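Protein chains in written order, with the working numbering: chain A, 1 to 265; chain B, 1 to 354; chain C, 1 to 309.
FYI, nobody ran anything at the bench for these hints, they're computed from the structure.
There may be inaccurate statements among the hints.
[Unchecked claim] Pairwise CB distance ranges (calculated):
no.	chain 1	residue 1	chain 2	residue 2	range
1	B	Pro41	C	Glu303	42 to 48 angstroms
2	A	Pro159	C	Tyr176	46 to 52 angstroms
3	A	Asp222	B	Ile22	29 to 35 angstroms
[Stated by the list, open to error] Derived list of chain A stretches under chain B, where covered just means 3 residues or more per stretch with a C-beta under 8 angstroms from a C-beta of chain B:
no.	region
4	12–22
5	116–127
6	136–145
7	196–202
For clarity, every value in this text was computed on a predicted model and none was experimentally measured.
Backbone N, C-alpha and C fix where the C-beta goes; we use that ideal spot for every residue, glycine too.
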Amino acid sequence: MSASDRDQRIGKVMLDLQNISLSFGGVKALTDISFNVREHEIRAIIGPNGAGKSSMLNVINGVYTPQQGGIEFEGRRYTRMNPRRAAEMGIARTFQNLALFKGMSVLDNIMTGRNLRMKCGLLAQALRWGPAEREEIRHREFVENIIDFLEIQAHRKTPVGRLPYGLQKRVDLGRALAMEPRLLLLDEPMAGMNIEEKQDMSRFILDVNDEFGTTIVLIEHDMGVVMDISDRVVVLDYGKKIGDGKPDEVRANEAVIQAYLGVAH
Amino acid sequence: MFYRENGQFKTGYRADQQIFPIRQDRLFIGLLLAAAFVAVPLLASDYLLRAILIPFLILALAAVGLNILVGYCGQISLGTGAFMAVGAYAAWNFGVRFPGMPLVVQILLGGCFATLVGVLFGIPSLRIRGLYLAVATLAAQFFVDWAFLRIAFFTNYSSSGSVSVPPLTAFGLPVHTSLQRYLFVLVFVVVFSLLAKNLVRGAIGRQWMAIRDMDVAAAVIGIRPMYAKLTAFAVSSFIVGVAGALWGYIHLGSWEPLAFDLARSFQLLFMVIIGGLGSIMGGFFGAAFIVLVPVALTNVPHWLGLSLSVDTAAHIEHMVFGALIVFFLIAEPHGLARLWSIGKEKLRIWPFPH
Amino acid sequence: MGFFLETLFGGLMSGMLYALIGLGFVLIFKASGVFNFAQGAMVLVAALSMARFSEWIPAWLGFENLLLANVLAFIVSAALMFLLAVAVERFVLRHLVNQEVTTLLMATLGISYFLDGLGQIAFGSSVYSIDVGMPKDPIFILESLFEGGVLINLEDLTAAVVAALLVAALALFFQYTGTGRALRAVADDHQAAQSIGIPLNRIWVIVWSVAGLVALVAGIIWGSKFGVQFTLSTAALRALPVVILGGLTSVPGAILGGLIIGVGEKLSEVYLGSLVGGGIEIWFAYVLALVFLLFRPQGLFGEKIIDRV
Numbered sequence: 001m002s003a004s005d006r007d008q009r010i011g012k013v014m015l016d017l018q019n020i021s022l023s024f025g026g027v028k029a030l031t032d033i034s035f036n037v038r039e040h041e042i043r044a045i046i047g048p049n050g051a052g053k054s055s056m057l058n059v060i061n062g063v064y065t066p067q068q069g070g071i072e073f074e075g076r077r078y079t080r081m082n083p084r085r086a087a088e089m090g091i092a093r094t095f096q097n098l099a100l101f102k103g104m105s106v107l108d109n110i111m112t113g114r115n116l117r118m119k120c121g122l123l124a125q126a127l128r129w130g131p132a133e134r135e136e137i138r139h140r141e142f143v144e145n146i147i148d149f150l151e152i153q154a155h156r157k158t159p160v161g162r163l164p165y166g167l168q169k170r171v172d173l174g175r176a177l178a179m180e181p182r183l184l185l186l187d188e189p190m191a192g193m194n195i196e197e198k199q200d201m202s203r204f205i206l207d208v209n210d211e212f213g214t215t216i217v218l219i220e221h222d223m224g225v226v227m228d229i230s231d232r233v234v235v236l237d238y239g240k241k242i243g244d245g246k247p248d249e250v251r252a253n254e255a256v257i258q259a260y261l262g263v264a265h
Numbered sequence: 001m002f003y004r005e006n007g008q009f010k011t012g013y014r015a016d017q018q019i020f021p022i023r024q025d026r027l028f029i030g031l032l033l034a035a036a037f038v039a040v041p042l043l044a045s046d047y048l049l050r051a052i053l054i055p056f057l058i059l060a061l062a063a064v065g066l067n068i069l070v071g072y073c074g075q076i077s078l079g080t081g082a083f084m085a086v087g088a089y090a091a092w093n094f095g096v097r098f099p100g101m102p103l104v105v106q107i108l109l110g111g112c113f114a115t116l117v118g119v120l121f122g123i124p125s126l127r128i129r130g131l132y133l134a135v136a137t138l139a140a141q142f143f144v145d146w147a148f149l150r151i152a153f154f155t156n157y158s159s160s161g162s163v164s165v166p167p168l169t170a171f172g173l174p175v176h177t178s179l180q181r182y183l184f185v186l187v188f189v190v191v192f193s194l195l196a197k198n199l200v201r202g203a204i205g206r207q208w209m210a211i212r213d214m215d216v217a218a219a220v221i222g223i224r225p226m227y228a229k230l231t232a233f234a235v236s237s238f239i240v241g242v243a244g245a246l247w248g249y250i251h252l253g254s255w256e257p258l259a260f261d262l263a264r265s266f267q268l269l270f271m272v273i274i275g276g277l278g279s280i281m282g283g284f285f286g287a288a289f290i291v292l293v294p295v296a297l298t299n300v301p302h303w304l305g306l307s308l309s310v311d312t313a314a315h316i317e318h319m320v321f322g323a324l325i326v327f328f329l330i331a332e333p334h335g336l337a338r339l340w341s342i343g344k345e346k347l348r349i350w351p352f353p354h
Numbered sequence: 001m002g003f004f005l006e007t008l009f010g011g012l013m014s015g016m017l018y019a020l021i022g023l024g025f026v027l028i029f030k031a032s033g034v035f036n037f038a039q040g041a042m043v044l045v046a047a048l049s050m051a052r053f054s055e056w057i058p059a060w061l062g063f064e065n066l067l068l069a070n071v072l073a074f075i076v077s078a079a080l081m082f083l084l085a086v087a088v089e090r091f092v093l094r095h096l097v098n099q100e101v102t103t104l105l106m107a108t109l110g111i112s113y114f115l116d117g118l119g120q121i122a123f124g125s126s127v128y129s130i131d132v133g134m135p136k137d138p139i140f141i142l143e144s145l146f147e148g149g150v151l152i153n154l155e156d157l158t159a160a161v162v163a164a165l166l167v168a169a170l171a172l173f174f175q176y177t178g179t180g181r182a183l184r185a186v187a188d189d190h191q192a193a194q195s196i197g198i199p200l201n202r203i204w205v206i207v208w209s210v211a212g213l214v215a216l217v218a219g220i221i222w223g224s225k226f227g228v229q230f231t232l233s234t235a236a237l238r239a240l241p242v243v244i245l246g247g248l249t250s251v252p253g254a255i256l257g258g259l260i261i262g263v264g265e266k267l268s269e270v271y272l273g274s275l276v277g278g279g280i281e282i283w284f285a286y287v288l289a290l291v292f293l294l295f296r297p298q299g300l301f302g303e304k305i306i307d308r309v
């Protein structure tokens, strides 16, 4: 898809973060951060280590509550969010350190992502009759499509603890995708990967954005990847926003260059 | 050679998701059920039924219940005996105060009351875990011990402190001889095991395992830890309560709180660990083991010509259990059930080594 | 009023006995992060060892001096507890490095059962007595304030003093010695401590030996008062709420927790028990602990429990 085609797909503002400040005890993790995310775009958050990027994601999906500021998601304004409500509203995420359920297979891990949509009660599940069986099969089909998409069919029954790191990352992504999210938060999806794995993952991310129209916010350190796949970039440093705009604009930004490369003396 | 899945392709998810997808497994279970329902009644002695099979089945059921809480949902419980006691005494109270209530209803109501108590003592699990939760469940154990001992209402003001059940009938048929008792218990165990298996392989089972493995991530997916943990306590206590009622009604006939004391709780926990955490089959393996070891300890020395006093046998039993708990925790936390599936894995490629 | 004071003192004294056992729990938890369910069994084995050896040694060596018998029995028992610590480290702890809390808990449960059986096979399962010359007479105090005075058991008083001394020694040990610091590091994170060169296995042997020693002292005092029998290991379960109340990581907390539980049990039995049929001692301590767990899980003096996300 050409750059102009992509630009046309991008819609109105979906997520608006207003003056978010977050501190832990005496440490200020985020200071007065405001930016927005538009529908169907891929937004990258970049910055040196410790800049507050993961904290930012945690605020968006309700794991942390900011001391100041508000979040507007799809037109509704919130000051407090919790992870479950975020999930119900269609925000899904992956984790930097993987938060997979080590005791379960790949299939079961991804099936947990369908949890919010499974309606049958305890008794129906215990009897596993009609509606319960059909619901299980329906969701299994959906999850199998995700497994096909991520090309992990051969491993579906393997306990995730036994898979290599790169495949575990895909399962993490699959579980988030199973939630059919409107907004997908990816926390360093390419950490620890080699070049081929990064290419695969980039392809998956672009495909998700293309085929399902999912809006994506991702934290990433690899500048090549960021410049290639993202539509807009936010730059954080020491908890403050120092850059916001298209990749090319941000790359030329003085403050960003100083933060990353240090000041030449 | 015999256990190959070769050629057994599934063309639909329903087939892939069944409890026993491999034909040989289905055959095995079929044979097992046939043996249980047909061969045993024809061949088993009274002693075998009363002293081994009936306690084995009832304890296996209790172990299945406990496994749901400890193995699948990761919540430790040292108070299982208390929930068995609630099941037994509640059922008995219904039987005594509503004469004419069918036996099966009494037992199920016993389970319901056990559920209520289980959920109550499960509430702390929302805020504490691990050791601290263990202490909370111990509180349940000691409190319930005392309640059935001292609160006369529960024993209908019996002077001896123990309660007993009248001759039992179910659906018009007597449940009196060893064989009748065995079949009655067998039906309960098969039905409830099936229900439990369906639960653990369904959506709620995945929720339980998610909470066990990483409850923070579970919340992010939209799983409510409160719902998952309380349902685990509820379902587990229900099954354990039913097992308790069966234990009192069918196995003991008459009982006092001591039948469901702390030692019983530990015994069930051992069954679950040795049998295999997180496995329905594990409950059966564990129960078989725990029931058979004392039998072996009484009989084997006899065969070898040594004599062992009852006391010494009990002490050796403690040592064996203790040592095995440690062994399984170190070597194979998934217990005998995992060893069983490893065995099956090897059988799949037998006689080839790779 | 005199009766109330007697009950109070009685409670304080029995609380000290609980605290003695609780100290063992705290030691091991504070120093290795393991909750030792087997502490009770250790007290039993120690007490059995002391009781039997103080009989056997004079018989084997052919003398009658009680003091010498006790001293030798003490030395042998202490050595036994040390060997036990070595065995536990070698066969259990070493293989469970950095496992989760529940696994370690269940492992100590297994050890508890094992020791229970082994101890009784080795030393016998009747009731035995320990006589270390503790004063057994009751005395009356405060005779000027209350008519007839308030009854205090000298034996319990001695126990209380011994416990207080032990606590002081242990508290100093943890605060001010290098080994104490190393122990605290191990409690925090096994693997991290290992990776900075702390010899994990030696630390564990040290800790379990000291806990074994504490168990020995507790066993002697309990055994002297109640006689030594297998129920001693379950008596230790009564000490669990003590450390929950006091805080699993606090040595002085164990004492305070013990006092509160001891007094609470006695007072509730006397004043509440009659209302509900008696015998509430069984669960009073545990329900109190449960209440604490819901509102202040770290107990009175423990470190706040931080759940890492």
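Hint by hint, where does the structure go against what was stated? Just the numbers, ascending. Of the numbered hints, 1, 3, 4, 7 do not hold.
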